[in-house]
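Colleague: Here's the letter readout for the chains.
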Amino acid sequence: MVNTTQPTADLSPAPTVKKIQDERLREVSLVTKIMRRPELGALAGLILVAIFFFSTADASMFTLAGIMNILSPAAQLGILAIAAALLMIGGEFDLSIGSMVAFTGLVFGAFITLSGWPLLLAIAATLIVAAVLGGLNGQMVIRTRLPSFIVTLAFLFILRGLSLVGLKWATGGSTQMRGIGDQAGEGLIRELFSGVAFEGVFSWLAAHDVIAKFPNGTPTVTGMPVSIVWFIGFALLATWILLRTRVGNWIFAAGGDPNAARNSGVPVDRVKTGLFMLTACAAALVAILTVLDAGSTDARRGFQKEFEAIIAAVIGGCLLTGGYGSAIGAFFGAIIFGMVSIGLTYTRFDSDWFQVFLGAMLLLAVLFNNFIRRKVTGER
Amino acid sequence: MDKNVPLIEIRNLVKHFGSVIALSGVSLTVNRGEVMCLLGDNGAGKSTLIKTLAGVHRPTSGDFLVEGRPVSFSSPRDALDAGIATVYQDLAMIPLMSVTRNFFMGREPVKGVWPFRRVDFERCDEVTREEMHRIGIDVRDPHQAVGTLSGGERQCVAIARAVYFGAKVLILDEPTSALGVAQTSMVLKYIHQVRQKGLGVIFITHNVRHAYAVGDRFTVLNRGKTLGTYSKTEIQIEELQNLMAGGKELQAVSEELGGMV
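As you go down the protein sequences, you meet chains A and B in turn. Okay, so the first sequence: first residue is 1 according to this note's numbering, each after it adds one. Okay, so the second sequence: first residue is 381 according to this note's numbering, each after it adds one.
Computed Cβ-Cβ distance ranges for the label pairs, DEER-style:
1. A/V356 / B/D458: 54 to 62 Å
2. A/R190 / B/V493: 31 to 39 Å
3. A/S60 / B/V493: 42 to 50 Å
4. B/N392 / A/R270: 39 to 47 Å
5. B/E506 / A/N370: 29 to 37 Å
6. B/D458 / A/L320: 35 to 43 Å
7. A/M140 / B/Y544: 37 to 45 Å
8. B/R449 / A/R270: 26 to 34 Å
Here are a few chain B residues that face chain A, going by a calculated C-beta distance under 7 Å:
9. L476
10. R481
11. M485
12. E488
13. R498
14. V499
Derived coverage of chain A by chain B (criterion: at least 3 residues anywhere in the stretch with Cβ under 8 Å from a Cβ of chain B; other residues may be distant):
15. 241-249
16. 253-267
I should point out that these hints are in silico values taken from the structure, not numbers from a laboratory. Beta carbons are placed, not taken as given, at the ideal position from N, Cα and C, and that holds for glycine.
Input sequences plus hints: build the corresponding full structure.
Modeller: Take a look at the structure:
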């Protein structure tokens with residue numbers, strides 16, 4: 001539409017175009033406001049899945065113990081998915097997070113068993129190693145201008161291979177490293193990363209007959225696994241950062257249009273590098289939580305978690321093209337995951353339906369997101 | 381500060397890219413409250429000139445004064461700090477983000493102490509709503525995505541953003557080239573408003589009619605040289621068109637086509 005030859009009758013030297021109230025525009029309705037939320041699809045999906053299991057699964061699925069069962073795998077995936085969601089909104093992918101879980105698990109185990117470091121130091125050092133690796137990923141993507149898909153795909157294999165080789169080297173031929181839990185010792189730091197939280201609250205609730213208890217008075221569920229606490233805390237923090245801080249605005253801008261963001265003074269490269277570091281640290285956190293929980297680590301830790309995390313982020317409303325999405329959506333996406341993977345065992349269905357369900361859910365989410373994006377941007 | 385000192389004055393500006401002479405002696409001035417139209421056909425050197433003014437390129441030689449003081453910009457940031465804001469054709473706007481978030485992108489006002497420091501979105505929304513109201517799109521909600529605005533509205537919001545963040549001189553790179561009639565008049569009307577606020581505007585276009593609608597003075601660029609600067613009283617629209625096309629040929633074509641070019 002280049003109008004070099006358009007009539008100019010309406011353009012007097014000092015145009016005084018009458019202010020027209022546009023009758024096509026209404027006050028923003030509540031429905032529109034809700035429709036604008038990227039996590040809408042995930043929330044709707046979660047409700048649908050919950051209804052499905054309510055009607056087909058054994059009632060024990062929705063007891064407190066059942067819910068904890070669902071949330072435990074959801075939490076591990078969710079911590080990865082939330083970080084992956086932030087990175088996707090920032091316009092990049094990280095396919096190396098699954099391998100990063102295995103590799104940082106090995107690094108953490110080696111710090112504890114081989115170096116004999118105290119837990120706090122080992123945790124801090126593991127997070128630093130992860131941050132450096134994440135930063136390396138980010139810098140490679142930024143400097144080479146290659147798609148992050150391909151750079152991190154390389155790291156998927158490099159880190160998985162290094163985990164195998166490293167484990168064999170550290171253990172003298174085994175791909176599993178044991179005894180980390182015993183070496184790590186007990187104490188406050190240990191309690192922050194393994195076991196259950198809020199035991200007091202749970203026994204109080206049991207004492208007042210709010211939740212189920214054994215005949216001797218101890219609650220059947222002694223507390224909330226700490227990984228779930230981390231999951232919820234991380235989801236809230238990520239959402240706050242994304243929606244309320246400058247960095248959040250920069251993440252959206254960096255993913256929406258890096259050039260426009262740069263022109264407006266957004267430090268795009270720093271934002272992206274920071275996001276890669278965050279994803280790697282999230283993987284390290286999951287590694288620390290699972291290693292301390294199991295007391296050991298092995299080379300298959302985090303296998304294919306990168307795909308599951310990206311799927312959860314997409315179900316949560318993230319666009320593959322970046323610039324749009326939500327952290328709380330990824331939170332719901334991860335819970336859907338946990339609910340389906342655990343929930344099928346409470347039903348008469350073969351639990352191998354899980355993968356079919358997963359693919360279908362992803363497809364639906366992508367179609368839905370696409371539709372919503374058109375709505376939001378007014379594209380036709 | 382003296383009101384009569386031009387906001388921008390350049391004299392004999394020369395820019396070489398290796399052996400290519402992009403600008404070979406350009407002179408122009410931009411005053412407060414004035415729309416200076418920079419006209420020229422493709423390849424005349426318009427882009428090089430505005431990029432030099434915006435701090436993207438450094439001039440090879442010549443004088444460049446801002447408010448009477450010689451300047452030498454090493455980056456677009458320097459130009460911005462000196463009050464020269466450029467609104468590029470691609471607008472530097474992100475369609476998926478809300479109008480508010482776009483408006484304050486890179487310059488978000490914050491409140492609270494670290495680590496609870498957050499963007500003051502109440503104020504952002506208020507300012508955005510106010511600025512949109514001035515443009516005449518006040519019925520809209522500042523939370524809607526920029527992608528839902530029309531091209532003219534986006535262009536106006538981009539200009540409003542530059543003005544809000546303290547620009548003294550606005551460089552508008554073909555702001556009307558992709559717009560329809562109604563939207564063009566909306567943008568031109570807004571340019572007029574900006575001029576009344578006392579800003580200097582450099583309006584780059586190759587559409588003489590758009591230029592003539594809001595321009596106070598016209599500088600015609602051809603082959604890296606200024607062919608001259610004319611005030612509105614000195615020149616008619618037809619002369620301007622011929623000057624820009626660099627000869628009588630166009631007039632002949634125009635007559636053949638019934639005066640529609």
